[in-house]
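Use the sequences and the hints to build the structure in full.
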Amino acid sequence: MTGAGHGSLWSDEPSARDLLSFMAVAETVADAVLDESLDPIALGLSGSWGSGKTSVLELVKQEVQGRAEAADTKVLVVSTQPWSYDPAVGPKESLIAEVLDALKGEIDPSTGEEARNLLLKLAKRVKWAKAMKMAALTSITLQLPKVEDVLDLVNEEPTDGETEPTERGLARFRDEFAELLESDGLAHISRVVVLVDDLDRCLPETVVETLEAIRLFLSAKGMSFVIAADEDRVADAIQQRLGTPENERGNGETPAELYLHKIVQTTIPIPALSQFDTQAYLFLLLAEGSLEPVSFEALVDSTAQLRLKAGSLDDVALPDDVDLTGELATASRLTPMLYERFRGNPRRIKRFLNDLHVRQSVASRRGISLASDAVAKLMMLERLLEDDFKTVLDWLAQTKLRDQLQALDRAANEAPPADVPEAEEPADETPKKKARSKASSMDTEPAADEQQFSDSLIRWARLPPQLDASDISGYLYLAASFAGIELVSDSLPQRLRDIASALTSSVQVDRTAITDDALRAISPADSKVLVGHLGRLTRDQPTLQEYSVPGILRLTGTHPGTEAATVAALKLLPPGEVRVGTVMRLKPETPEAFEAVLAAWDVGSASSPVRNTIREVREHWGRTHGN
Numbered sequence: 007m008t009g010a011g012h013g014s015l016w017s018d019e020p021s022a023r024d025l026l027s028f029m030a031v032a033e034t035v036a037d038a039v040l041d042e043s044l045d046p047i048a049l050g051l052s053g054s055w056g057s058g059k060t061s062v063l064e065l066v067k068q069e070v071q072g073r074a075e076a077a078d079t080k081v082l083v084v085s086t087q088p089w090s091y092d093p094a095v096g097p098k099e100s101l102i103a104e105v106l107d108a109l110k111g112e113i114d115p116s117t118g119e120e121a122r123n124l125l126l127k128l129a130k131r132v133k134w135a136k137a138m139k140m141a142a143l144t145s146i147t148l149q150l151p152k153v154e155d156v157l158d159l160v161n162e163e164p165t166d167g168e169t170e171p172t173e174r175g176l177a178r179f180r181d182e183f184a185e186l187l188e189s190d191g192l193a194h195i196s197r198v199v200v201l202v203d204d205l206d207r208c209l210p211e212t213v214v215e216t217l218e219a220i221r222l223f224l225s226a227k228g229m230s231f232v233i234a235a236d237e238d239r240v241a242d243a244i245q246q247r248l249g250t251p252e253n254e255r256g257n258g259e260t261p262a263e264l265y266l267h268k269i270v271q272t273t274i275p276i277p278a279l280s281q282f283d284t285q286a287y288l289f290l291l292l293a294e295g296s297l298e299p300v301s302f303e304a305l306v307d308s309t310a311q312l313r314l315k316a317g318s319l320d321d322v323a324l325p326d327d328v329d330l331t332g333e334l335a336t337a338s339r340l341t342p343m344l345y346e347r348f349r350g351n352p353r354r355i356k357r358f359l360n361d362l363h364v365r366q367s368v369a370s371r372r373g374i375s376l377a378s379d380a381v382a383k384l385m386m387l388e389r390l391l392e393d394d395f396k397t398v399l400d401w402l403a404q405t406k407l408r409d410q411l412q413a414l415d416r417a418a419n420e421a422p423p424a425d426v427p428e429a430e431e432p433a434d435e436t437p438k439k440k441a442r443s444k445a446s447s448m449d450t451e452p453a454a455d456e457q458q459f460s461d462s463l464i465r466w467a468r469l470p471p472q473l474d475a476s477d478i479s480g481y482l483y484l485a486a487s488f489a490g491i492e493l494v495s496d497s498l499p500q501r502l503r504d505i506a507s508a509l510t511s512s513v514q515v516d517r518t519a520i521t522d523d524a525l526r527a528i529s530p531a532d533s534k535v536l537v538g539h540l541g542r543l544t545r546d547q548p549t550l551q552e553y554s555v556p557g558i559l560r561l562t563g564t565h566p567g568t569e570a571a572t573v574a575a576l577k578l579l580p581p582g583e584v585r586v587g588t589v590m591r592l593k594p595e596t597p598e599a600f601e602a603v604l605a606a607w608d609v610g611s612a613s614s615p616v617r618n619t620i621r622e623v624r625e626h627w628g629r630t631h632g633n
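Under our numbering, the first residue of the sequence shown is numbered 7, with each subsequent residue one higher.
Just so you know, not all the hints are guaranteed correct.
[Claimed, not checked] In silico SDA-like links for lysine to any residue, alpha-carbon gap of 20 Å or less:
(1) Lys130 x Lys80
(2) Lys127 x Ala177
(3) Lys356 x Trp55
(4) Lys396 x Ala380
(5) Lys534 x Arg560
(6) Lys110 x His194
(7) Lys80 x Ser54
(8) Lys315 x Gly332
(9) Lys268 x Asp236
(10) Lys80 x Trp55
(11) Lys268 x Lys356
(12) Lys67 x Asp92
(13) Lys396 x Gln311
(14) Lys315 x Pro299
(15) Lys593 x Arg629
(16) Lys577 x Met590
(17) Lys80 x Pro115
(18) Lys227 x Phe282
(19) Lys80 x His194
(20) Lys268 x Pro251
(21) Lys577 x Asp409
(22) Lys356 x Leu15
(23) Lys396 x Ser487
(24) Lys80 x Thr117
(25) Lys127 x Gln68
(26) Lys67 x Ala94
(27) Lys227 x Pro251
[As the list claims (entries may be wrong)] Distance ranges between label pairs, derived from CB positions:
(28) Pro251 x Arg371: 53 to 61 Å
(29) Glu33 x Gly56: 33 to 41 Å
(30) Arg313 x Glu346: 14 to 22 Å
No lab work stands behind these hints: they were computed from the structure.
Note that the structure is predicted; figures quoted are calculated from it, not measured.
Just so it is clear, CB atoms sit at the ideal spot from N, CA and C, and this is done for glycine as well.
See below:
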């Protein structure tokens, strides 16, 4: 993985450490829920999906409990997720049950008789049987229960058997709950703080019923609620559930927003990560697996101090016993594009790192060996610059990858930095469609040096490391398969594609299935086209030379007129990529035809075994042909 010490995926669970510098938000929330003048209170914590709401709730819990312990008092913190409630029991009853159950566990055995009796009365006021029946009916009929039915779940019959209206039953529940909090058995509890998470994931009826349950509790002193949810989504759910006008606004708010703000007094937004925060978060995620907990905690603290001073990560206090310069460099390279694309969303950043880890793991198991920084660069192209990614895949399909990468590198290093547009929407947020790579006409296509590259692609090319076609072609084929993109060269006629595929196959049966008679049946013009294609393919993917070079030579043997095309095709193979076995395949050939190939390979190769083999082939030619 990019972080050398991280051997597994990052969990989606909130971290116990404040990697996002959200403690300032958590402390502000804690101030509000513990403020006597605001008692009782329901506070909103608003942010989009993946913005860190759950992490803030965890920090709020730690902060509230820490303050209570310092003040030698007890604050009961109840964490709940309406999204995970049992569908057989209504959301309203589930929330009531969680609060009552938490209080039950806190009752002082020596002074708690009154509290236990009150708790029993409160439990009896909830019509559990009716709640379960309504849940079953709703699931069968696919209809939403009416609001008055939901309110009626608080039993309108007191325990002595007398009847009373629903409104009075609700009032009695509130009164008895307030008595419970003030009873001697719970005298040690100064406040109950309920942390509500994932409300914006819920169906509209669950949202409304949960809010109604919260409103039921808010008449009692000592109750505080923190509701972590995307406020706009919650308001939309209310509008759908209650059927309120969608566009009607009074005092600047829709009826759904007015309903929500009657319960939630104020909302604190979760701030998006700044560019510094994004870089710091990436660095901490990458470094965590390499450090012991104590060292990592010190690194988190050092990063937080730099944030307060508006400093740079260049000044972060790194541990002496572990080299984290690689992780720091990777975070620095990834930050600009990830910050722009993900708008400082922590979950999307973590998801990108997990995707990167998975992609590198799969590639490694398929024999594709790439450094982690190269995989990270390719993943940025694939996930953040979808159109540019398809362009690069098209180069691969049209056997122009090496030429175009070299031209792109020249453009990136010679051109002044361009104004960079926003990164495109990622491919994983829209359905992937199987697409066929297309190329423009060979007659009208500009030369590589004249190719116009997008600003975003040039910017991407400037990121280290520099990528070579030999290294990345295998990865690109893997990425194309993940994306459902079919790589087909339009420059190669359909009648030749199966032959080209068979001649370059790693399966011997495929290669031998193409007989010499089948090759002779190809027209002279087509044989030259096929030789040129195999040469360009080998240039982009030198690992294929074990199969493609014999195929090229077979075509030359069956079509002597392709000799010039064969020489040109073999000279396309980068000298530094030429293998000893490839040189040996020229031994039976004639020096008049192939000396130019050996000369090109000899000049450009730094491999002693390859150059020695070239000398051996020349000596063989001299003995055989009398030179």
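The hints, checked one at a time:
no.: 1; hint: Lys130 x Lys80; result: 27 Å, violated
no.: 2; hint: Lys127 x Ala177; result: 14 Å, holds
no.: 3; hint: Lys356 x Trp55; result: 13 Å, holds
no.: 4; hint: Lys396 x Ala380; result: 18 Å, holds
no.: 5; hint: Lys534 x Arg560; result: 12 Å, holds
no.: 6; hint: Lys110 x His194; result: 13 Å, holds
no.: 7; hint: Lys80 x Ser54; result: 32 Å, violated
no.: 8; hint: Lys315 x Gly332; result: 24 Å, violated
no.: 9; hint: Lys268 x Asp236; result: 17 Å, holds
no.: 10; hint: Lys80 x Trp55; result: 32 Å, violated
no.: 11; hint: Lys268 x Lys356; result: 36 Å, violated
no.: 12; hint: Lys67 x Asp92; result: 24 Å, violated
no.: 13; hint: Lys396 x Gln311; result: 42 Å, violated
no.: 14; hint: Lys315 x Pro299; result: 25 Å, violated
no.: 15; hint: Lys593 x Arg629; result: 12 Å, holds
no.: 16; hint: Lys577 x Met590; result: 15 Å, holds
no.: 17; hint: Lys80 x Pro115; result: 16 Å, holds
no.: 18; hint: Lys227 x Phe282; result: 42 Å, violated
no.: 19; hint: Lys80 x His194; result: 6 Å, holds
no.: 20; hint: Lys268 x Pro251; result: 17 Å, holds
no.: 21; hint: Lys577 x Asp409; result: 14 Å, holds
no.: 22; hint: Lys356 x Leu15; result: 9 Å, holds
no.: 23; hint: Lys396 x Ser487; result: 12 Å, holds
no.: 24; hint: Lys80 x Thr117; result: 17 Å, holds
no.: 25; hint: Lys127 x Gln68; result: 32 Å, violated
no.: 26; hint: Lys67 x Ala94; result: 29 Å, violated
no.: 27; hint: Lys227 x Pro251; result: 34 Å, violated
no.: 28; hint: Pro251 x Arg371: 53 to 61 Å; result: 56 Å, holds
no.: 29; hint: Glu33 x Gly56: 33 to 41 Å; result: 22 Å, violated
no.: 30; hint: Arg313 x Glu346: 14 to 22 Å; result: 20 Å, holds
Violated hints, in rising order: 1, 7, 8, 10, 11, 12, 13, 14, 18, 25, 26, 27, 29; the structure is consistent with all others.
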